[in-house]
Amino acid sequence: MSRISIKRVFSTPLTRFWRGVLIAVFLVLFSGTTVYYLLTGTADRPPELASIGFQFVLLACYGILWLLISDWLEAKRAAPAQAFWHVLVAGAVAAVLCLGVLLIPGAFTEPGQPATVTVYIKSALLAVVVIGFCFILVLRFRDLVRFRRTKKGERNWKLLLVFMLLSTSVGFAAEGALPVLIQSIFTVSTILPALALITINVFRISWIVHMPARQKAFVVLLGLLVLGGLTGVWGLPADAPISLHPDVLAPYLIYYSIPLFIFVLLSLVFGLLYTLSSVLSLIFHLPTSEDFRRSVDEIAAMQSLTALVREAVDFDKLAARIVATPVEAGRANAAWLAILEYESGSLDPKIVATHKISAEKAGTFFNTSALYNEVAGSREPVVLQHVAADHRVAKAVGKETQSLVVAPLSAHTEVLGALFVTREVAHGFQQDDLEAIRMFAAQATLAIENARLFESKIERERLARELGIAREVQQRLLPQSLPQLDYMSLAASSESAYEVGGDYYDILQLESGKFAFIVADVSGKGTSAAFYMAEMQGIFQSVANITPDPCQFLHHANQALGNSLEKNVFVSAIYGLVDYTREELVLARAGHCPAAIVNTGGQARLLRSRGIGMGLDRHELFGNTLEVEHHEFQPGDVVVLYTDGVVESRNAVGEEFGYERLIAAIQRHRHESAQALHDLLLLELNEFRGEQDTYEDDRTLLIMKWHGASPRPKTKQRPSNTASP
Amino acid sequence: MSNFSVAFRTTGSVTILALNGELDAHTAPELESAIQHCKNEGAYNIIVSGAQLDYISSAGLGVFMAFIEEFRTLGGDIKIAALQPKVFNVFDLLGFPLIFSIAETEEAAVEMFSKGTTHN
Numbered sequence: 001m002s003r004i005s006i007k008r009v010f011s012t013p014l015t016r017f018w019r020g021v022l023i024a025v026f027l028v029l030f031s032g033t034t035v036y037y038l039l040t041g042t043a044d045r046p047p048e049l050a051s052i053g054f055q056f057v058l059l060a061c062y063g064i065l066w067l068l069i070s071d072w073l074e075a076k077r078a079a080p081a082q083a084f085w086h087v088l089v090a091g092a093v094a095a096v097l098c099l100g101v102l103l104i105p106g107a108f109t110e111p112g113q114p115a116t117v118t119v120y121i122k123s124a125l126l127a128v129v130v131i132g133f134c135f136i137l138v139l140r141f142r143d144l145v146r147f148r149r150t151k152k153g154e155r156n157w158k159l160l161l162v163f164m165l166l167s168t169s170v171g172f173a174a175e176g177a178l179p180v181l182i183q184s185i186f187t188v189s190t191i192l193p194a195l196a197l198i199t200i201n202v203f204r205i206s207w208i209v210h211m212p213a214r215q216k217a218f219v220v221l222l223g224l225l226v227l228g229g230l231t232g233v234w235g236l237p238a239d240a241p242i243s244l245h246p247d248v249l250a251p252y253l254i255y256y257s258i259p260l261f262i263f264v265l266l267s268l269v270f271g272l273l274y275t276l277s278s279v280l281s282l283i284f285h286l287p288t289s290e291d292f293r294r295s296v297d298e299i300a301a302m303q304s305l306t307a308l309v310r311e312a313v314d315f316d317k318l319a320a321r322i323v324a325t326p327v328e329a330g331r332a333n334a335a336w337l338a339i340l341e342y343e344s345g346s347l348d349p350k351i352v353a354t355h356k357i358s359a360e361k362a363g364t365f366f367n368t369s370a371l372y373n374e375v376a377g378s379r380e381p382v383v384l385q386h387v388a389a390d391h392r393v394a395k396a397v398g399k400e401t402q403s404l405v406v407a408p409l410s411a412h413t414e415v416l417g418a419l420f421v422t423r424e425v426a427h428g429f430q431q432d433d434l435e436a437i438r439m440f441a442a443q444a445t446l447a448i449e450n451a452r453l454f455e456s457k458i459e460r461e462r463l464a465r466e467l468g469i470a471r472e473v474q475q476r477l478l479p480q481s482l483p484q485l486d487y488m489s490l491a492a493s494s495e496s497a498y499e500v501g502g503d504y505y506d507i508l509q510l511e512s513g514k515f516a517f518i519v520a521d522v523s524g525k526g527t528s529a530a531f532y533m534a535e536m537q538g539i540f541q542s543v544a545n546i547t548p549d550p551c552q553f554l555h556h557a558n559q560a561l562g563n564s565l566e567k568n569v570f571v572s573a574i575y576g577l578v579d580y581t582r583e584e585l586v587l588a589r590a591g592h593c594p595a596a597i598v599n600t601g602g603q604a605r606l607l608r609s610r611g612i613g614m615g616l617d618r619h620e621l622f623g624n625t626l627e628v629e630h631h632e633f634q635p636g637d638v639v640v641l642y643t644d645g646v647v648e649s650r651n652a653v654g655e656e657f658g659y660e661r662l663i664a665a666i667q668r669h670r671h672e673s674a675q676a677l678h679d680l681l682l683l684e685l686n687e688f689r690g691e692q693d694t695y696e697d698d699r700t701l702l703i704m705k706w707h708g709a710s711p712r713p714k715t716k717q718r719p720s721n722t723a724s725p
Numbered sequence: 001m002s003n004f005s006v007a008f009r010t011t012g013s014v015t016i017l018a019l020n021g022e023l024d025a026h027t028a029p030e031l032e033s034a035i036q037h038c039k040n041e042g043a044y045n046i047i048v049s050g051a052q053l054d055y056i057s058s059a060g061l062g063v064f065m066a067f068i069e070e071f072r073t074l075g076g077d078i079k080i081a082a083l084q085p086k087v088f089n090v091f092d093l094l095g096f097p098l099i100f101s102i103a104e105t106e107e108a109a110v111e112m113f114s115k116g117t118t119h120n
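Keeping their order, the protein sequence lines are chains L and G. Heads up: the first sequence at position 180 corresponds to 180 in this note's numbering, and the numbers run straight through without jumps. Heads up: the second sequence at position 26 corresponds to 26 in this note's numbering, and the numbers run straight through without jumps.
Hints in this document: simulated from the structure, not taken from any laboratory. Any given hint could turn out to be false.
[Unchecked claim] The calculated EDC-like cross-link candidates involving lysine to aspartate or glutamate, where the alpha carbons are at most 16 Å apart (straight line), are:
id: 1; chain 1: G; residue 1: LYS86; chain 2: L; residue 2: GLU648
id: 2; chain 1: G; residue 1: LYS86; chain 2: G; residue 2: ASP54
id: 3; chain 1: G; residue 1: LYS86; chain 2: L; residue 2: GLU656
It should be emphasised that the depicted structure is a prediction, and the values quoted were computed from it without experimental measurement.
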């Protein structure tokens, strides 16, 4: 089985086995010593040496009892109030048992006379009851003394037990086994330190601080009962045979064992003093415990508010928490929160949350706007110690709101709102209340700002996602690839200043074998321009096939756009047709930047025909003023179409790229392929612009390079195309 | 911050709005509110002077479009005067001269009002 080890035996909680063993050993020793006495020295005191050995056996016996009680109490650790209650109950039980034992007939006849058998049995029974009670007393108070454990405290407690044990040695001396001198040394060196240690330990009452006020009063009552019980025994009759008076009990204990009697005395002194110090401290603490409780509540309330700062909560929950905090912290009877409407930007604060008062009452009794305006102006709390006297408070103000503090929720740049707290008494707010309320307001401000930041972050992310989708959709409205033609090569690109833009270009191969092209620019940038750009795309894709003629197309487009464009929005465009068979370019310009044409010789031309932007005139003027421009292609001709984002691009010193630079660049690179020319133009443009990441305006570039009619017949070409004039 | 401003002047029954700086999407609302102000005051004869106007974007041009019809219905007009060549080019490209009276100088624009010449 398990190895026997001292540590196993003495460490609590005991195993079931060792508990059984210890109980058995205790019973054997207890009855054994009693029987031994009965056999050897009932008539007189036993021989001295035998007595010392006997006392050691007794001490061992009660040591086991200590262990057993300690183990028993360990299993049910007691809160401070319970500890006193347990002591009280144990005392009562012990008193009843003592009285029961005393009822057994037979008493000390005369002091010094040999005792009878019954006296010894009574002594043994009384001893076990009284010592058992003392053990419970000391062990229960041990939990209180060690409530807040410190190294020093633990040491003092252990020393106390050691010296109480050593003090019992005085009893050996008292048995007459030692000379007087040694006896005195024993007394001084053990009892005095024990008493000193008792004094030190009785002041370890830190459990009082953490006790709620009502419980304190209850513990005072229990403590007084314990004190009364311990000291009250002296008030009992001392000459009656059946009495708990010490004069009655002491002879039995002394007769039984002087060392144990000394231990009992020290235990009782400790218990008495500890109860006394506890009761007195509790009484002195009672008046301040309300303040202490308040500060504890305040910390708890603050913590719950601070927790909200960190987590993202919905605003209503946050507001409810903000108004609950001052009330829970005991700084107010009611509170409400008025804040400026975040979205609407209204300057009138609105009550968004209340605690222990209805929003209706708060709003009718107090002029929220006027009070808010005052604190928003000064950024300092307003204190109305007597609300009835203030002009911003209704005459009919209720009894439950007699004094008021309005604290601004003062953020870095603005005042978000105000926290209103009231008390049901006039002059209800002291300086410390104001400081606490100011602190709550600061925390509330932080929490609200945090919540709003979070909200706007979510909103921003949502918008970014939406714009990302819009951008993708818009990109699909632009040609995904340009047609591959033998007689002409094409290159194009479009870049928006924002996620979406108002530039548009497109190419459409018509059934007639011609192809239509468009470059358009909606005035303004961003989302609204993007919608009109999409409309423009729809118009081009549907109208160009039906009425490909430039003038007719633009006229239709102008009418279609006129129905939807806002008054201050217009669309400039260049629309044209490339006729392969006639080797001709026909285009019209509706207010757009002129197309640039450069031939192989480097001669440049800007096709600046008359024409106003679409949407500028919705009547006859548009059609009447529109001119068509023709250009006969020569091999190597380069046509460059673009939006104003190209020519109006600026460099670091604010200079525009301009038409001259554009044409010069085209002339320089006119022999390159369409794609290479496109790339080189953009490269030059970006070099000119310098270290700018984004375009300040949408920009589009479309390059067409004419190679000349191929002698080979086109695979896709229909006979009718060549036949048409 | 904004590099755009509008100065008001009155010559007889004509209000001259002298623009200064760059008129783009950001500064357009300023001109808008300036013209709106004139309208509220009942000043329907307006000359927008561009002598100090260095740049105009399409959003800036939109402001003129927003009001012109209304002013003409009210019996007034918005005339544009003294544009710098580069700015005039922007107006010209879009065909503004076909819709608006654009004068070379403020005086010429004022004269147009006194003669009662309007477009269309």
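Okay, the hints, checked on the actual structure:
1. G/LYS86 to L/GLU648: Holds, because 11 Å separates the two Cα atoms, which is no more than 16 Å.
2. G/LYS86 to G/ASP54: Cα-Cα ~8 Å, so holds.
3. G/LYS86 to L/GLU656: Status holds; Cα separation ~10 Å.
Of the numbered hints listed earlier, not one is contradicted by the structure.
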